[in-house]
Structure formats: structure tokens, C-alpha cells
Amino acid sequence: MIYRETGVHHTTYRTDMALFRVPLARWSVAGLLVVAVVIPFFATDYWFSAILIPFLTFTIATLGLNLMTGYAGQVSLGHAAFIAVGGYTATILLIYDIPFLAAVVLGGLMAALVGLVFGIPSARIKGLYLAMATLAAQFVLPWAISRVVPLVVPTGLAVAGGDTVYPPRPNLFGLEIDSLFERYFVSLAILVVMTVFAMNLVRTRVGRAWVAIRDHDVAAKILGVNITHYKLLAFAIGSFYAGVSGALMVFFYYGVAHVGEFNLDLSLKLLGAIIIGGLGSIIGSFFGTAFIILLPIFLNISLTFLGNAAGFQVSSGIIAGIENIVFGALVVVLLIVEPLGLAKFWQNVKDYFRLWPFSY
Amino acid sequence: MTNANGQEPLLQVNNIEVIYDKVVLVLKGVSLHVPAGGIVTLLGANGAGKTTTLKAISGLLRPERGEVTRGSIYFQGRRIDHEEPPEIVRMGIVQVLEGRGVLEHLTVEENLLVGAHTRPRGDNLQDDIEMIYHYFPSLAERRRIKAGYLSGGEQQMLAIGRALMAHPKVLLLDEPSLGLAPLLVQEIFRIVRRLNEEQGVSVLLVEQNASIALEIADYGYVMENGRIVLDGDAETLKNNEDIKEFYLGLSAVGQRKSYREVKHYRRRKRWLS
Amino acid sequence: MRAKVLSLVLLFLLVAVAACARGQAPAPTPTQMAAGEPAEEASPTPKPPVESYVIGFSAYRTGPFGRTGTPFANGAVDMEKLVNLKGGVGGVPIDVMDIETGYETPRGVEAYERAKATGRMVAFIPLSTGTTYAVTPKAFEDKVVVLHTAYGISAAADGETFPYNFLAAPTYWSGDAAIIKWIQEQEGGSLKGKKIGILYLDIDYGRETLPLHEVLAPKLGYELLKYPIPWPGLEQSAVWTNIAERDKPDWLIWRLWGDSTPTALREAARVGYPMDRIVGTYWSPVAVDVLAFNPEKSVGVKHIEFVTPGTDFPVIQEILTELYDKGQGAGARDQVGMELYNRGVYNVGILVAGMQIALEEFGHPLDGEKLAWGLERVTPETLKKYGMGVADLAPEVTLSDKDHEGRGFVQVVEWDGTQFKPITDWISGFREEVDALVKQAAQKFKEENPELYQE
Amino acid sequence: MDFFLELFVNGLLTGVLYALIALGLVLIYKASSVLNLAVGEMALLASFVVALAANFGAPSWLAILAGVVVMVAFGYFVERLAFRPLIGQPVISLIMATVGIALFLRGIYFILSNKWPVYLVDLGLPVDSLNLGPVSLLSSSVVGGLVALLLFGLVGYIYARTRTGLALRAVSDNQTVALSLGISIDHLWAVVWIGAGLVALVSGIVWGQRIGVQFGIAILGLKGLPVVFLGGLDSMVGALLAGIFIGVAENVVAGYLDPLIGGGTKEFLPFFIMLIALWVRPYGFFGREIIERV
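These protein sequence lines are chains U, B, G and R, in that order. Under the numbering used here, think of the first position of the first sequence as 1, with each following residue one higher. Under the numbering used here, think of the first position of the second sequence as 1001, with each following residue one higher. Under the numbering used here, think of the first position of the third sequence as 2001, with each following residue one higher. Under the numbering used here, think of the first position of the fourth sequence as 3001, with each following residue one higher.
Okay, chain U solo, but in the shape it has when bound (with noise of 0.2 Å):
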């Protein structure tokens, strides 16, 4: 009725192929898009720089975590550091006139070097183990950064040795990105060809081989998969996105580089927005970004709400409290019940509509 696969039938390896096999889920990804283009006409500031593009910047981030843990199984506790390698950069490369998308590809590009780097150890150690390996990079990346920055930066605000840095303002063309109606739309276009790009990764012999990896490395190796290769690679393309959205997320966002925000916190909330999210899935990305990013904030303006509108006046800090108490509850409650994660979740409406009203 709403998600008919029957009826469909694939007679070209081309339509076989295809990134959305079934007209209807083109025609709802286009309706998405749409949403998402037509949104910001409605949306107020609020709206803009406490939702949408937090949520943008941080679903590139969680995307690359994804392909990385989800898709090639390397599970990474350092990914807030690789965000801030590559905010840094962007940024330091806008204070010396590099045009912006060109900063954000090298920002991307450095994380991605970074990344490389710290993955090596996945050659031997793996699971939790190496994911311990992964800590490490989330250590010692700021303290570098907060080292490095001062001697790179020409200006910085704080004059001993500051590295928080302010970016110019970039400009795309010749336009200048300033309204947060340009920074949304900038960073949908990149957020909109990142994910095509992964998607289309994840079905390639790439995608295939980390699946194999994943799944059993040393059967993957008995396949011939060069598994330092892939492994390596998903590393590198998993920092590449951590790197371009730590860029969105200085430029976009927060309006400054400054290495606090990149903390373990981070790495921790961005993995469990995949895990939430489901593991090994593209859109699940985006729903872990939501339910991780979002739904404390949501919770705490309703928690607020509701206080009030019962009539208590609530300290913020006990609303707080009970915003924890909540949030720590879902995640255990919805893994309870959907360990697969939001996207097995919306596998199974998906699934209960195609076959509706025949439930078997």
C-alpha cells in the first residue's frame, strides 16, 4: 500500500543496481529532500542553530563513524578528536585564504591522514581492544592540537598560546555564508553528497569487503581480502567525514574552534548514536544523530514544560537530573526492545506496511 516491492520487477542489471530499487523509495527520498529544502522558509533561529544544523554537521560525523564501526566493524572511542583535527585545519586553512570547499576537502583530508595514522594498530588488535587503541587518539589529538594551533594560527584570542580560533567568515564562490539560512543549505548539500557517496560506498567491492571483515576478519582474509587495506581505509574515509564535519561544525556551527568541544563526551554520545541507531545502516545514522543530539534537548524543553505546567517551579538542575534519569532509561529500554537499533525499527514498519494487511 505504502511500500510496495511487489510488482516491481528488475529486468536490467541497471535497474538492479539501483541506489533505491523501488520507485516509491526515490519518490520518498525526493520528498525528504524536499522537506528538508522547504524547512528552513519556515524555520525561526532557534529552529536553525539548536536543531537543523547541529543535526547536519553532527550526521556527517556519525556517517563516517558508521562506515567505520557499523559498516568495516572498527569500532572508534576517538572520533571527536579526528572532528577537531579536521575543524582545525579547515580553519587555520580559511585564515590563509584557501577557498572554503577546498579547506573543508583538506580538512576532511588531514582528519582522514590523522585517522590512518591511528588506525595502524587495527592491523593486530581489534573488538574492544582496539577500540581502547582508539582512546588513545582521544587524548592525545587535543593536547598536539592545543600545541600545534598557537605556533600555526597568526592571530588567536587568547595570547598565550590560545588555540581557540575564530574562522573568517567563508564564502562559496565569491558569496559570502553568513545568514544561517546559507549555512544550512551549505551544509545539506554536503551532508546530501556525503551520504550518496557512502551509500554508494557501502555497496561497492569496498563496502563488501568490510562487511567480510566485520563479520569474521579471518574468514575475510581466507577470501583473499587484504584486511590491512580495508581496515586502513575505513579508518581513513571514517576520520575523512569526522574531518568534514568538524569542519561544518566550527564554520556553521559554534562559529569557533576551540578544542574543548571535541572531547571523549563526544566520541561517546557519536558512538552510541550509531549504536541507537543501528549499527551497519546508512539512514540509522540519521536517526542515532537525532535520538542522541536532539532528544535531550526536546526532553528537557518539555521536562520544562511540563514542570511548569503543572505548576512546579523546577530547578533547571533537577531537570536535568530527571533528563538523564530519562534519556539513560530509553537507551536501555530501547535496546531491550530493538537491540538492532532505530533502523532495524523502521526496517519493521517498513516491512509491515509492504506486506500489509497480510501480516506473514
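Hint data in this document are derived by calculation from the structure and do not stem from the laboratory. Note that the Cβ used here is the ideal one computed from N, Cα and C, for glycine as well. Just so you know, not all the hints are guaranteed correct.
[What the hints assert, rightly or not] Sample of chain R residues at the chain G side, in silico, Cβ under 8 Å:
hint, residue
1, 3007
2, 3014
3, 3114
4, 3116
5, 3117
6, 3119
7, 3138
8, 3210
9, 3215
10, 3216
11, 3219
12, 3258
Since the structure of chain U is provided, determine the placement of chains B, G and R on it from the hints.
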């Protein structure tokens, strides 16, 4: 339900259906009986559902997201298909897992002690351990050695011995012959027979190696594709043409058939479906 | 079961989204709160011309610094209530929207936007350096006062470069300069040959005053010893062994914060470093830190203050009688009067003073621009008149359009076993060097953000 | 030499306390292969409860008893409500669940501490520094270290000598086999969670004496990570030795190097050590190697 002797069987499985993951239907109505003091064998090819049947009895399905959705299992007249494994073991059903599930990092003796976990505190376990060393003398020499370092046959012996520590009434043996040399298989089956006779333990034996299983068993069931397709006394089964053909590897005239032909033929001829 | 739970979760999400969409800013309550209270009669106009003036506040009672954030937040909220009980600002209640952020900058930005969405935000209290950095450019555009008392961007002391950022309290540089000045006095006027160690968290905040000391040390002849401590600084015994066994500095200046401070106190006690030779910056060691170590063992430890701690002030007494005695206090009673608490009171008080001054000139409705104008006219006299009692807490603040710091006066307070007590008058020092740093940093900000100054 | 000795001994004491945090991680990991990321929050809750009880005037023994009651209840309910329903799920989901529990505990701590701010676990232990020859130590650290060692001994004894310990070892060896022998995994998980709760209680009290009752205790949970990975996730001996090793190494190296390179050594030295160690021994020094077959 009673068997031919008019006696209530020790263990009875009535028409059970097992579904994994809420999707995969593995057993489609399996019934079997194990009489007190008997050895019953369950034969069948890979994937026929033999192991699942055992796990349905011992309650080990749950961790694998399997579930008995229909039918019932009775042990000594008590329904057990929704009991937890510890309770089932306490009642006297112990499964010896396929592939010598020894606890590799524990010593032989510790393995045996763990086997007695369900017995009340304060039981004298030393006599039992000695009894097991008596049946499996090669274990006695290696009592302080980590089980992971034992040979395959010794591991299988340890697994069986460990199961005995729980004082079971029924032993569920899952392919004890797997991966062992023929001589060792012979020895293990001899011991199983002895245990059955001397200790009065009933045995439900899952095997692919039908000839040896039917040697020691009193009664046999043949499974295919999640169903029991044939059952009968061991003697009857041994003489059944189809069994001879498919499980004992003998042609109708008692000659060995080429393996290729057997497979070919099997694929064409099934009892059901 | 699964379906049920999921639908419940979804339902909850829907409610949450609906609440966001409808309210964004959840209905502020000061008007409800003030209802039935004497506030109504006290206000000159029966119906306020504006619903309320919103002060956005990124509070953190949770997160890694929740322990230090709590008294501050409670102080601010209590002061809000007190101000509203007394009729608000010219009859208009103020609404301190304390939004919990757990010291996370994204949440801080969200809090800013949430407060801004009310359309009535005149000022924002970020209470975090990261948030200050992130909202400062926004505030330029939105014309909203950002008040960061003794943290955030020190360069904002230059009011011409930062029209909407106000410290209304000394910068870190002023603080350390005053400490050096005070130590110099203790040493009989000369620091020649003395060793002064700086124990600092190895982050921007900790490092910020190093350049000042690089300038002062050669000038005054003291030897500067640096003891960086990596965040979060819960284990410091190596540093302290160095201090005690090798360097033996004559004085220690602390630039720690949060959980690292009790640890430092403990290690100081272990190696036997004299407590009375420790002078901390504004944020360490504060009372909650000392209590988390040992009140008796910490006697003599000092830090500098821009508000006076204690409860012996009319405004604090009023809070105790009007709120806490009636069970309406925001926090624990024994935290009232702690320096962090009084700072929260001061933050709201100085904004109210600015608003009242602006009100005299412009009348209702006020906005951020007018508030900034009002704040620039805060002097000891005007603060006394309009500050609802906070002038007692910080008597020496003089702001102007050039100076958003207020001359940088601090006082040294000492732990006497039960509380921090001032042991000096309001002091400052080495203004020339400090001003040079402010100029330099402000200049850099200007160069980095040319677009904020185009017009 | 005195300088070195002081660094060494203090590092040793700190190391034992790191090992204590690691012990909580190892307990859970051995029984369920789950990395318990809530270990710091559990210690935080425990220390808060004890401090709060003491604050309300309860004598030390009663305060500790309150902590025991709360932590036992916590362990029981966490197993019952969160982990039992998750049996059979991928390990990463279980780890994520511990993050959820950590957030939950934080929420509780925040609410309670907002209402009743407490600062210190005060059990009347001396806070004086103790001078052993040239070395100055904190007496509370010494007591804490001894308690920690005692706890290690106790847990080690339980594992090696008791019936439950044997069952726990069986479960950590092979869960399915253990289940087939009638060992109740649910029951054992409850036991380890309660055990981990009690270990958290001890580390909460010890650390709460050392750094005060504050959120930092939760952050300390992270300090346990390099320790367990260095020692091997499933080895208690490894946890103890690795804890001591990291404590001593970071203190001694920081003592000598920090003045030269300007700090930060402590920040990543443990991780650096861990990285090298993982390269040499991918399963930690005492960890059980997993033999993989296709």
C-alpha cells in the same frame, strides 16, 4: 501416554514445534519417548533438527533465541518445556554438548566439580569423582591438567563424566563420536553402555553414525527435516532397508554403494515432503 | 510488549516535539510566581508594559563541574526571585531562564537560542568559556549583553571592541597581577630572588595568565615556575613531589578548577606545603573545594575574589528570610553566602542595575542595546542606588563604554576554618601591563573577525 | 633517590586504587564479556550514599551499611531489569546499555546532590600525611591501598576456592557449557553485578576520601580502562599488576619529564603504554588469548 510395557516413560516429547528468532521453524512436530533405563538413539543427517530437539529438552534454546511454540515435554510426569536449564538439570536431565564442550581453562577436576553445581552444598563429591575416574582412568592421571590440553577423546570422556556428576536420570548425548577415531568411539560407547547398565542412567543419544548408535541403543528414531520419519526397535531399524541404505551405507544387497549414488538417490527419495 | 513500549516511546517523542514547536521557550513563570505576592502592589503600574525581561542563563548543576556550578546557579535564581518579589525592573519581572547545559557548549548555544526565541532576551550569562566564545559573535548581531564575570574572553575588558560583552569583574590578568602585587607587599616590597610557582590546568583557561607572568617575572625579579596539570587533574602527586622535593617555591598561584582543586589541597597537605602560601585565582580553591578536602587542614589557603563572600549583607539576609525561611530557596541553605553563590547573586544584580539605569533614561521597553548603555554607567554610586543591594558585595566596580571590566579590583580572601574571609581591601596592580595585554588581545579579535565591525 | 622513592611509593598507592576500579570492570567482563562503562558512576553513587548517610549523622558503620544496601539493591535491579532481558544480544548493545545506566546514575546523583550537597566521605580516618623516612604519604591513601589489596585477596579467594567462584569461572570460560551444567547465568550475573556494586562501594569510599565526593569519581572510571586493557580484560591479577604498573610509571615519568616538556605526560602516558602493550600482546599481558578458527 504409556509405552508398550504399560509403563510411563521417563521422558516424553509430544509433538513439539520449535521456532528460532520468531521466524525459522526448525522442528515441526517431534515426538519421542525415553523409557527409564533405556538407551534411545536419534538418528539423522546434518540439520535434521536432532540437536535442536535435545536443546528443547534441556532448555538451552532460549539463549539462542529459540522457543518451543507447540507441544509439550514431560519428564517423570512433570511438564518441563518452560523450565529454566538449571531446574531441568536439577530434575535429572543433563545434556552433553556437541563438540566436547569442556571448560578449557579449568582443570579436569574443576570441570568435574562444576558438573556437580546443582547438587546441594555439602554433598560428598569425592566419591563421585573417584567413580568417574574409575570409568575413565585416563582422566585420573590428568586431574590437575587444564582441560584445554586434553586430547579429543579425553575431552569427550571428561564431558560425559562431568555430566554424571549431576547424578542425572537421563543423559542427552550429542554426537559423542564427532571427530574421534573409530577405536575411541568404540571405547566411549562401551562406557556409555556400562554406565547405563551399572548406574541405571537412561540415555538419549543423538548420532549421525547410525551403525554404532544402533549397536548400543534399544530403540531408535530417525529424523529428517525437522520431523521424525521412522522409529522402531534398534533391531528393526538395523534391518530396515532404507536405514541400511542411507545410514548404514549399505545397498539393498548388502554391498557398499558409491557415496555419490547415495547422495543422488537420497535427494530424490525422502519420506516426506 | 515490544510494540507497546515503542509506541510509548514514539508518543513521548511526539509530545516532546510538540512542546518544542509550540513553546521553544517554555512559558516563563516569574509572572505566575509573582502573582499573589506583594510584588503586585509594589509595582507602580498595575499591568507591566512588557511580559518580562529574559536573562538567558546556561547553568550547569550537572556534568563535570556541577559541584561548582550549583551554588552559582542557585544564587542567580534566588536573586531573580528576590528582584521579582521587590517588583522587578520598573514593574516588569525579570526571567532568569536557567537552562541546564552540563557545561557542554552545544547545549549552551541551544540555551542561548532558546532564550533568544522568547524575543525578550536582554542578556545572557554563559558561565562557560566555550559558550562565551560561541555566543559572542551572535551577541554582536543580536545586540544582547553577554555577561561573563571573571571568565570567558579577557579581551572583552576593551568595551570598544566588545560592545556587548561585559565582565563587570576583573579579568584573569588583573587577578594575577593583583596577586603578584599582594605577594610583593607580603615580601616587604621586593620579589627579587623569590620563586613563584603557577599550578595550572593545562587548558586555555589555565595557561591564560602565563604571558603576564613572562612580562612581570623579569621586571620584578621573581623566578616563574610552571606546573601544568592535565585535565581533569585528579592525580597530581608527581607535580607535588616536584614542588616539595626540588623546587620549593615560596608562593603558589593556583589556576585549577573543579575536581582538580580538592586533590591539589590534599597533595599540598601530604607534602606539607604551607597552606597560607597558596593563593588561587577566582575559581580555585573555592569553599566547596575546601569542604571536599578538609576544612581544618585548609586553614590559611587563599584566593582572590571580586565579590565578598558571606551572609552579612542585607541582600543575602533578605534572600534567607524571604526565600529560604519560606522554603522557596533554590538550593541548600548552607551554600548561601559561599563566594560562588554570591557571584550568582551579583551577576543578576548587576544586570538589574544596568536595566534600572537604562530604564531611567529610556523607559520601557528595554533591549540589549539599552541594557549595555545602562551597564556602561555602573559606578559605585549608581550600583548602590540601582543594584538592589549587590553594591555591598562588589563596591568598586566602575564601568564605562571603554572599560567593561570595571578597573579590576579584587580582594584576597582566606579560609578561616569555616568560611572564606577577606583579609585585604580592594586591590589591583600592574595596570599598565594588564592593559597592554587587553589591547593586544582585542586587536587580534578585531583582525580575526572583521565582519563584526563592518557597518 | 628520595625523590624517586617518593614518586614510586605514591605511584604505587595510586596504582592500587586504579586497580580497584579495574577490578570492577574485570568482574563484569569475566562473567558477561561486557565492558561496564558505568563503573565510575557506580562508585560515585556509592560514595555519595555513604557520604550522605554520614552527613546525616550516621556513624561510620551505619553509613557503610547504607552503601552496602544501596549497592546490593542496585546490582540486583540492574541485572534484573536491564541485563537479563538483554541476554543473547550483541555485546556492543550490552556496552551501550551500561552507558544508559551510567546516565541514569548521573541523573540520580545530580538530583540528590543538588538537594543535599555533600563534599567528602568522612569516616573519621586520619587525613594527616604520614612520613615514612623520606617519603610522605597520605594516611588515607595507605588505608585505602590496604583495603584495596584486601578486597583483591577476598575476590581472588572467592574465585579460586568457592563453589560460586568455580561457577563464575565456568561461565567466563564457556557460557553455553555452563548453562548445560545447570549453572544459572541469571543468578551469577546478579552475583557479579552485586559484587561489582560492592567493589564500587569500596572504590567509591576510598576515592571519595581521596578526591572528595564529586563527579570526578565518575571520570575516574576511564582511568580503569587502560589498566584493564593492559592487564587483560579477564584477569584480576593482570588488573592489579597493570594498575600498579601504570600508577608507578605515570608518576615517575611525570615527575622527571613534566618539568622538561611542559606537562601533559600523565594525560596520555597510560594510553601510550597501553598502545605499545597492545601491539606486543593484543590480549593484554594476563588476558586469555582467543583462538580463532573459521
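A quick look at each hint next to the structure:
Taking 8 Å as the C-beta cut-off, the interface hint given for residue 3007 of chain R holds, the closest approach to chain G being about 5 Å. With its C-beta approaching chain G no nearer than about 6 Å, residue 3014 of chain R sits inside the 8 Å limit, and its interface hint holds. With its C-beta approaching chain G no nearer than about 5 Å, residue 3114 of chain R sits inside the 8 Å limit, and its interface hint holds. Interface hint at residue 3116 of chain R: satisfied, since its Cβ lies 7 Å from the closest Cβ of chain G, which is below the 8 Å cut-off.
For the restraint placing residue 3117 of chain R at the interface with chain G, the shortest Cβ-Cβ distance is roughly 5 Å, inside the 8 Å limit, so the hint holds. Among the interface hints, the one on residue 3119 of chain R holds; its C-beta lies about 4 Å from the nearest C-beta in chain G, closer than the 8 Å criterion. Taking 8 Å as the C-beta contact cut-off toward chain G, the hint placing residue 3138 of chain R at the interface holds, the least distance being around 5 Å. For residue 3210 of chain R, the interface hint holds, since its Cβ comes within 8 Å of a Cβ in chain G; the closest pair sits about 7 Å apart.
Checking residue 3215 of chain R against chain G: minimum C-beta separation of about 5 Å stays under 8 Å; hint holds. The restraint placing residue 3216 of chain R at the interface with chain G holds, with a minimum CB-CB distance near 3 Å, inside the 8 Å limit. For the restraint placing residue 3219 of chain R at the interface with chain G, the shortest Cβ-Cβ distance is roughly 5 Å, inside the 8 Å limit, so the hint holds. About 7 Å separates the beta-carbon of residue 3258 of chain R from the nearest beta-carbon of chain G, less than 8 Å, and the hint is met.
Violated hints: none; the structure is consistent with every hint.
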